[in-house]
Amino acid sequence: MNTDLSKFSVGNYTAGPAWKKGIWFLVNYYIFDSVFPWPYGFKRWLLRAFGATVGQGLIIKTKVRIKYPWRLSIGEHCWIGESVWIDNLDMVNVGDHVCISQGAMLLTGNHDYKKSDFPYRLGGIKIEDGVWIGAQSVVCPGIVCGSHAILTVKSVAAKNLEAWSIYTGNPAIHVRKREITE
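If you use the numbering used here, the sequence shown corresponds to residues 1 to 182, in order.
Since the hints were made in silico from the structure, they are not lab data.
Under the rule of at most 27 Å between Cα atoms (straight-line distance), these lysine-lysine pairs were calculated in the DSS-like manner:
hint : residue 1 : residue 2
1    : K126      : K154
2    : K114      : K126
3    : K154      : K63
4    : K21       : K61
5    : K177      : K126
6    : K126      : K61
7    : K159      : K126
8    : K126      : K21
9    : K126      : K20
10   : K63       : K21
11   : K177      : K159
12   : K115      : K159
13   : K20       : K61
14   : K114      : K7
15   : K61       : K154
16   : K7        : K115
17   : K154      : K177
18   : K159      : K114
19   : K21       : K7
20   : K126      : K63
21   : K63       : K20
Turn these sequences into a full structure, and let the hints guide you.
Right, here's the structure in full:
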C-alpha cells in the first residue's frame, strides 16, 4: 500500500477554539516572530494572557515562533534565543534556568509513516532544570531532557537525554558527563 495523503485527517485532535488560534496567529506573527525587539515583560504578559505558565525572568528574543501558548509552561530565568520554533501541538514543559539557543526546534508532532493516511503522532516534551539546547538543534516528540543535560549545536534528540550529560550528533549520542565548576 502507498502513502495516500488525501486520506489524512487530524482525527479527534483539537488545538483550541478557532477564534483563539486566529488571535494568537496575529500576536505571534506581529510580536513574537517579529524582528522588532518588543520588551521581554510585554512578551511574558502576552504568553500568560494566552494561557502559558511563565516564571520570572524569561528572556525571549526576536523571531520566536510558538504554536500554542496554552500548551507551554516555562520556569524561572529561562532564555529563548532568536528564531526558536516551539511547535507545541502537545504540551512543552521547560524547567528553571534553561537555555534554548538560536534556531532550535522543539517538535511535539510527527506522522505515523507506517500508515497510509499519515496520521499525527504526538508527544509532549519535558526539559528539566539547567538544560542547554544548542543552536539549531531539534528535540523530537516525547523526549525528556534530564536535568542539566546539553544538546550540542545542530544535534537531534530522538531519545531521552540523561541528566548531567552532553549529547551531540544526529541522532544525538552521549559523549561525556557535564561538570559545572564555580
